[in-house]
Amino acid sequence: MDSRPLLRLTDVGRDFDVSRPWLNRMLEGAPRQLLRAVDMVSFDVARGETLALVGESGCGKSTVARLIVGLYALTRGRIEFDGVDLAAAGAGASALRRRMQMIFQDPYASLNPRWRVRDIVAEPIRVLGLAKSGDEERVRIAALLAQVGLAPEDGEKYPHEFSGGQRQRISIARALSGHPEFLVCDEPTSALDVSVQAQILNLMSELQERLGLTYLFISHNLAVVAHVADRVGVMYLGCIVELANAVTLFKAPRHPYTRLLLDAIPDLGMSGAPRTPVGGEVPNPLAPPAGCAFHPRCPHANQRCRNERPAWRAGVACHAVEEGRL
Amino acid sequence: MSPAPLLEVRDLRVEFPTRRGTLVAVDGVSFAIEPGEVLGVVGESGAGKSLTGMAVIGLLEPPGRIGAGEILLEGRRIDRLPAEEMRRLRGRRIGAIFQDPLTSLNPLYTVGDQLVETIRTHLELDRGQARRRALQLLDEVGIPAPGARIDHYPHQFSGGMRQRVVIALAVAAGPRLIIADEPTTALDVSIQAQIIALLKMLAREHGTAVMLITHDMGVIAETAHRVAVMYAGRIAEIGPVREVLQAPRHPYTVGLMGSIPRLGAGAGKRHARLVQIEGAMPRLNAIPPGCAFHPRCPRRFERCGAERPELLPAGAARASCWLYG
Chain F
1268 MDSRPLLRLT
1278 DVGRDFDVSR
1288 PWLNRMLEGA
1298 PRQLLRAVDM
1308 VSFDVARGET
1318 LALVGESGCG
1328 KSTVARLIVG
1338 LYALTRGRIE
1348 FDGVDLAAAG
1358 AGASALRRRM
1368 QMIFQDPYAS
1378 LNPRWRVRDI
1388 VAEPIRVLGL
1398 AKSGDEERVR
1408 IAALLAQVGL
1418 APEDGEKYPH
1428 EFSGGQRQRI
1438 SIARALSGHP
1448 EFLVCDEPTS
1458 ALDVSVQAQI
1468 LNLMSELQER
1478 LGLTYLFISH
1488 NLAVVAHVAD
1498 RVGVMYLGCI
1508 VELANAVTLF
1518 KAPRHPYTRL
1528 LLDAIPDLGM
1538 SGAPRTPVGG
1548 EVPNPLAPPA
1558 GCAFHPRCPH
1568 ANQRCRNERP
1578 AWRAGVACHA
1588 VEEGRL
Chain U
6 MSPAPLLEVR
16 DLRVEFPTRR
26 GTLVAVDGVS
36 FAIEPGEVLG
46 VVGESGAGKS
56 LTGMAVIGLL
66 EPPGRIGAGE
76 ILLEGRRIDR
86 LPAEEMRRLR
96 GRRIGAIFQD
106 PLTSLNPLYT
116 VGDQLVETIR
126 THLELDRGQA
136 RRRALQLLDE
146 VGIPAPGARI
156 DHYPHQFSGG
166 MRQRVVIALA
176 VAAGPRLIIA
186 DEPTTALDVS
196 IQAQIIALLK
206 MLAREHGTAV
216 MLITHDMGVI
226 AETAHRVAVM
236 YAGRIAEIGP
246 VREVLQAPRH
256 PYTVGLMGSI
266 PRLGAGAGKR
276 HARLVQIEGA
286 MPRLNAIPPG
296 CAFHPRCPRR
306 FERCGAERPE
316 LLPAGAARAS
326 CWLYG
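One line per chain: the protein sequences are F and U, in this order.
If you want this note's numbering, it's the 1-based position in the first sequence plus 1267.
If you want this note's numbering, it's the 1-based position in the second sequence plus 5.
Accuracy of the hints is not assured; some may be wrong.
[Unchecked claim] Short derived list, chain F residues pointing at chain U, Cβ under 8 angstroms:
(1) GLN1466
(2) ALA1490
(3) LEU1527
[What the hints assert, rightly or not] If the Cβ cut is set under 7 angstroms, some of the chain F residues that face chain U in the computed set are:
(4) SER1430
(5) ALA1493
(6) HIS1494
(7) LEU1535
It is worth saying that the hints were derived from the structure and are not from the lab.
Yeah, the Cβ is synthetic: ideal placement off N, Cα and C, and Gly gets one too.
Could you build the full structure based on these sequences and the hints that come with them?
Okay, here's the thing in structure tokens:
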């Protein structure tokens, strides 16, 4: 097995221009405004593993997913796939991007309602010219549908004839039809009921084992992440604050924000332990706090946290951890 | 027997007449809630949990209608009240909290105006008194600096703060019953915990009965005293929350609890399979005869497809399952 990481992000950042329209800026003197959606994000994804990114809404996890598959352009940093810088690869980048696919949260929005399922699944095969004949294409589609637990006849139907869980199976079949090695899954089960979520998560782990897939799994649900991930990165306000092996992260969280997230999960075991009430909310990303972005909500913050942004040290970015105060 | 229930629902049936026959979305649902009690109602989409709540507050959207059954609030039937009387009852005796706080708030009025209007609609207070009450409510639901925030518009609040305002509106007239339909679903986990703590505090301190409708078992585990699990418009199992979550009796509840990924023992252990319930919930036009769950049930036997089970005692809970017949 190749020991180089399949995907490597180095100091990746993306800004969005959220300025008022040009005329307003001219007349009212309003300044340009940049929203720093993702900043200084670095991580590796090894072949065959599942790396999960968790965080609350607006933390930038979906932006990272979209940067990787090329739906957004990078503002800063570099992304390497299989050792090749995607920005420098030029025409070669699309050949590399073929090896990755994305599964989206909402299976109602991500499938074209006017296409039959077989055409939806066949699109990557046709675009990439993977089938030599119509017969070969049909055989492949039937195999893909069977692989995700659908019947070959389902190919003749339209998306509206399926339930949410079945639609997500169609999305997975489509993602797999171009033979990708790497799947970016952006909240793939968040729109589904728990019993359907269990079916999809089981399917995804079977497929990973059978096809040797590598997953980047984006989710806000820590219990789901604990179930699927080998390693977990926790994001807050555009940055990764902690990245660790899943077992370690859930057993011994280090960053105060990771602890907060873990404490905030409702306890199904009903141990009676009250959830630690956490004050405050995620700050406005247009005016992020100085120093450590988490300091206004952090019970361990001191003067240094308010002034100085913590550096990334051994899997965590926190002054309190670094100084041994935590 | 315990004190008289605050809300009693008997054999409720909600139906939708269509050209191709009548669809029954809620079928033979009975339960009661006592003062100060939080009853959780869980189920997956289409199980009929929200429709049950809407029937209780009289907000079923036509052509949906109550086809049969009775709803009693403090011993009085409210399912046949004229619209005007029902409207007075809502807000005064029954408060409602919905998933999306933005749809419950008028964007054109300040939070204070909306509170004052609600308070004065239901209580005999002058403007000054109503405003003082509004400030007190905002403080009670945990809005910092209520004096400064009362004259802000809804868009100036964050999602969690908006839901607090909605809760303040719901409890403004001191209702006896609160229907909360997915109150935390649109919120991030760290905010969820705050809203749940608030709902519990209100139920405890004011003796308000709460019907908490959600798909999230975690929220139920933390908040509810008893829980009703719904499937295909019927109650599959109802009982004390600890009993139902930790020793579920109905095979559907067993499957549902097993399908939830958990932190703790298995955390970080990849490839452990989740319990899977095969198939999907039936559509309303194709609800199987007998027990609605029997085609998916791993423990079905002959009687299940032939005869519909009533709620039968199963441990400290009751389950509509012939295993306990």
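Verification of the supplied hints:
no., hint, in the structure
1, GLN1466, "holds (5 angstroms)"
2, ALA1490, "holds (4 angstroms)"
3, LEU1527, "holds (6 angstroms)"
4, SER1430, "holds (5 angstroms)"
5, ALA1493, "holds (4 angstroms)"
6, HIS1494, "holds (4 angstroms)"
7, LEU1535, "holds (5 angstroms)"
When each numbered hint is compared with the structure, no violation occurs for any of them.
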